[in-house]
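Colleague: One-letter residues, chain by chain:
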Amino acid sequence: MPEAAAPASIARPDGWQILKRNRAALIALGFLAGLSLIAIVVPMLLPEELKGTSSASFVPPLQRSVETHALHLLGTDVNGQDMLYRVLSGARVSLGVGLIGALISLGIGTLYGMISGYAGGRIDGVMMRTVEVLQSVPRILFIMILIAALDEYVKEWIDGWRLAAEARNWIDLAANISELKAYSKVLVMIVSLGLVEWLTMARIVRGQVLVLREMTFVTASRAMGQSSWGVLRRHLLPNLSTIILTYLTLTIPAVILDESFLSFLGLGIEDPAASWGSLLKDGAQVINPLESKWWLLVFPALLMSASLLALNFLGDGLRDAFDPKSGD
Amino acid sequence: MLPFLLRRAFSSVIVIFCVISITFVLARITKGGPFDTDKVISDQVMKAKLARYHLDGTVSQQYFAYVSAIAHFDLGVSTRYRDWRVSELLRQKMPNSFALGALAFVIASCAGVFLGSLAAMKKDTWIDRSAMFGALLSISIPSFISGPFLIAIFALWLGWLPVGGWGTVSQMILPAICLAAPYIAYVARLMRNSLLDVLKSDFLRTARAKGLTETQAVARHAIKVAILPVITFLGPLAAHLLTGSMIVESVFNISGAGMIFVNSIQNRDVFLLGGAVIVYCMLLVLFNLFVDVIYTLLDKRIKLYA
Numbered sequence: 004m005p006e007a008a009a010p011a012s013i014a015r016p017d018g019w020q021i022l023k024r025n026r027a028a029l030i031a032l033g034f035l036a037g038l039s040l041i042a043i044v045v046p047m048l049l050p051e052e053l054k055g056t057s058s059a060s061f062v063p064p065l066q067r068s069v070e071t072h073a074l075h076l077l078g079t080d081v082n083g084q085d086m087l088y089r090v091l092s093g094a095r096v097s098l099g100v101g102l103i104g105a106l107i108s109l110g111i112g113t114l115y116g117m118i119s120g121y122a123g124g125r126i127d128g129v130m131m132r133t134v135e136v137l138q139s140v141p142r143i144l145f146i147m148i149l150i151a152a153l154d155e156y157v158k159e160w161i162d163g164w165r166l167a168a169e170a171r172n173w174i175d176l177a178a179n180i181s182e183l184k185a186y187s188k189v190l191v192m193i194v195s196l197g198l199v200e201w202l203t204m205a206r207i208v209r210g211q212v213l214v215l216r217e218m219t220f221v222t223a224s225r226a227m228g229q230s231s232w233g234v235l236r237r238h239l240l241p242n243l244s245t246i247i248l249t250y251l252t253l254t255i256p257a258v259i260l261d262e263s264f265l266s267f268l269g270l271g272i273e274d275p276a277a278s279w280g281s282l283l284k285d286g287a288q289v290i291n292p293l294e295s296k297w298w299l300l301v302f303p304a305l306l307m308s309a310s311l312l313a314l315n316f317l318g319d320g321l322r323d324a325f326d327p328k329s330g331d
Numbered sequence: 004m005l006p007f008l009l010r011r012a013f014s015s016v017i018v019i020f021c022v023i024s025i026t027f028v029l030a031r032i033t034k035g036g037p038f039d040t041d042k043v044i045s046d047q048v049m050k051a052k053l054a055r056y057h058l059d060g061t062v063s064q065q066y067f068a069y070v071s072a073i074a075h076f077d078l079g080v081s082t083r084y085r086d087w088r089v090s091e092l093l094r095q096k097m098p099n100s101f102a103l104g105a106l107a108f109v110i111a112s113c114a115g116v117f118l119g120s121l122a123a124m125k126k127d128t129w130i131d132r133s134a135m136f137g138a139l140l141s142i143s144i145p146s147f148i149s150g151p152f153l154i155a156i157f158a159l160w161l162g163w164l165p166v167g168g169w170g171t172v173s174q175m176i177l178p179a180i181c182l183a184a185p186y187i188a189y190v191a192r193l194m195r196n197s198l199l200d201v202l203k204s205d206f207l208r209t210a211r212a213k214g215l216t217e218t219q220a221v222a223r224h225a226i227k228v229a230i231l232p233v234i235t236f237l238g239p240l241a242a243h244l245l246t247g248s249m250i251v252e253s254v255f256n257i258s259g260a261g262m263i264f265v266n267s268i269q270n271r272d273v274f275l276l277g278g279a280v281i282v283y284c285m286l287l288v289l290f291n292l293f294v295d296v297i298y299t300l301l302d303k304r305i306k307l308y309a
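Listed in order, the protein sequences are those of chains A and B. Using this note's numbering, the first residue of the first sequence is number 4, and each one after it goes up by one. Using this note's numbering, the first residue of the second sequence is number 4, and each one after it goes up by one.
It should be emphasised that the hints constitute simulated quantities derived from the structure, not laboratory data. For every residue, glycine included, the Cβ atom is placed at its ideal position computed from N, Cα and C. Some hints here could point you the wrong way.
[Claimed, not checked] Pairs of lysine-lysine residues, derived as DSBU-like cross-links and limited to a Cα-Cα distance of at most 30 Å, are as follows:
#1 Lys203(B) - Lys23(A)
#2 Lys23(A) - Lys125(B)
#3 Lys203(B) - Lys213(B)
[Unchecked claim] Quick look at which bits of chain A chain B covers, simulated, 3 or more residues with Cβ under 8 Å:
#4 40 to 49
#5 141 to 148
#6 265 to 274
#7 299 to 312
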């Protein structure tokens with residue numbers, strides 16, 4: 004048959020080549036890599052006195068404070084904390100929560116979707132009905148309730164470790180653990196967001212598995228005695244990797260948005276730790292017509308919008324390259 | 004049609020039941036109760052207080068008491084706002100959220116469909132590219148960023164619209180735009196993709212061949228088909244917008260249903276939370292059903308399978 008003889012010439016170009024031609028996606032990728040590097044490295048290089056509170060509150064950007072003579076590139080907030088340090092450590096938290104939360108949801112969603120799609124039949128039916136029920140649940144509400152439910156338990160758990168460290172006279176460790184307590188909400192948020200955001204991933208992966216499992220290489224592998232788990236891991240997972248990568252990139256901004264949403268409402272991260280959401284909350288509170296403290300709002304807003312825009316550009320580019328049929 | 008509606012009603016009740024069960028159990032195993040204050044309350048007083056609201060005993064006992072009350076259409080009494088029934092509180096706050104949500108819904112669907120159609124008809128021109136870039140931009144700017152900036156620009160700097168308050172139409176414009184902005188973008192992107200597919204189809208070639216201009220062909224024939232995927236999106240969106248936005252209500256200081264969610268979680272006001280969740284789920288289910296019915300009216304090929 005002539006149709007079967009010429010698949011190589013009509014095959015779609017490789018997804019990575021399509022992505023390489025997408026300049027917006029590449030700029031977005033560069034921006035995100037640069038921002039992550041800056042957010043990790045720069046706070047370590049800043050002088051220690053910029054990292055805590057000081058008496059110099061509301062210093063405008065690019066000015067030295069009268070009291071401490073420290074230069075504040077992006078100004079200071081009400082407690083005299085340097086905004087450059089706050090914005091960058093906020094970036095650490097927001098990007099970190101986004102990445103880890105998305106990875107958790109990716110793990111759950113991929114496993115769930117693969118099992119559902121590969122098992123098929125009644126198991127598939129029940130698993131997909133469950134996803135539909137969960138999708139009609141108000142998502143952000145559940146995250147809020149989960150965080151409220153888990154937070155106190157995690158705090159107690161951390162306190163337990165601190166007491167155990169103190170009992171053994173490990174003062175440094177005890178101090179580190181009590182510092183960690185400010186970030187306990189972050190831990191809870193990551194877990195809660197990961198537990199809630201996996202539904203789309205599960206549906207996408209299941210759809211792909213339904214197609215892949217009918218392929219001859221899967222039949223061949225099973226005929227050769229490969230176990231179901233082996234087929235899933237050796238043959239299906241590699242074929243799913245680009246789809247998973249694509250939807251990972253689209254899940255990260257969703258998780259970042261949820262995190263900052265919660266922090267903006269005061270349900271998320273707690274002082275002295277900061278994320279973009281909590282910084283924006285502080286910024287929105289000081290808007291007034293008389294004496295505008297714009298730097299508290301503008302810098303976190305710019306950085307957050309730019310990051311979300313870059314992630315969306317990258318995600319759209321990946322989707323165009325690897326999953327062109329899905330559209331929006 | 005009737006068996007379809009019955010089946011949907013049955014599955015909706017199950018969904019709502021699941022949601023309310025998860026909500027109640029999670030809210031009750033959370034540390035901290037509704038009557039915790041800084042003052043020390045004796046165990047006896049606390050027990051009496053909890054007993055008055057049927058919140059004593061094991062979680063499963065409380066759960067069954069709550070579910071049987073719900074089955075009798077009784078949402079209970081708020082533990083925070085003393086002597087207020089949950090239904091009264093919801094009736095008082097919901098209209099504000101409804102008005103804001105309805106305005107935002109109209110803005111999002113009209114502007115979204117218009118911009119999306121325009122972008123599809125002018126594909127690969129600067130109009131298309133700037134509309135799609137604008138859409139991605141407005142998806143990437145969450146309402147807690149756009150809200151303060153809208154206030155700063157239109158209320159404080161230009162002075163065109165009031166900063167806050169609630170009641171007049173001019174006070175509703177800024178929050179509605181802020182709430183609608185990302186959804187304009189979602190609708191526009193959906194509409195553009197869907198219309199692009201339809202524009203390639205045979206019946207549109209026929210319409211052009213019989214002498215209709217492009218605009219006429221799109222307005223009379225293409226829109227009707229292309230709008231179907233948009234409608235699937237608009238159903239849940241309506242439920243989402245009408246039940247209030249926590250962020251927009253908190254930025255613009257509006258007393259609506261969105262703040263009920265936040266406050267009742269923080270105050271451990273489990274009955275108020277449960278009532279708000281039930282209303283949300285019912286709206287969601289109702290609008291999804293509405294979408295399915297509209298579908299059959301717009302596209303005669305679709306049959307509702309019971």
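Colleague: Check each numbered hint against the structure and report the violated ones by number, ascending.
Modeller: Result: hint 4 breaks, nothing else.
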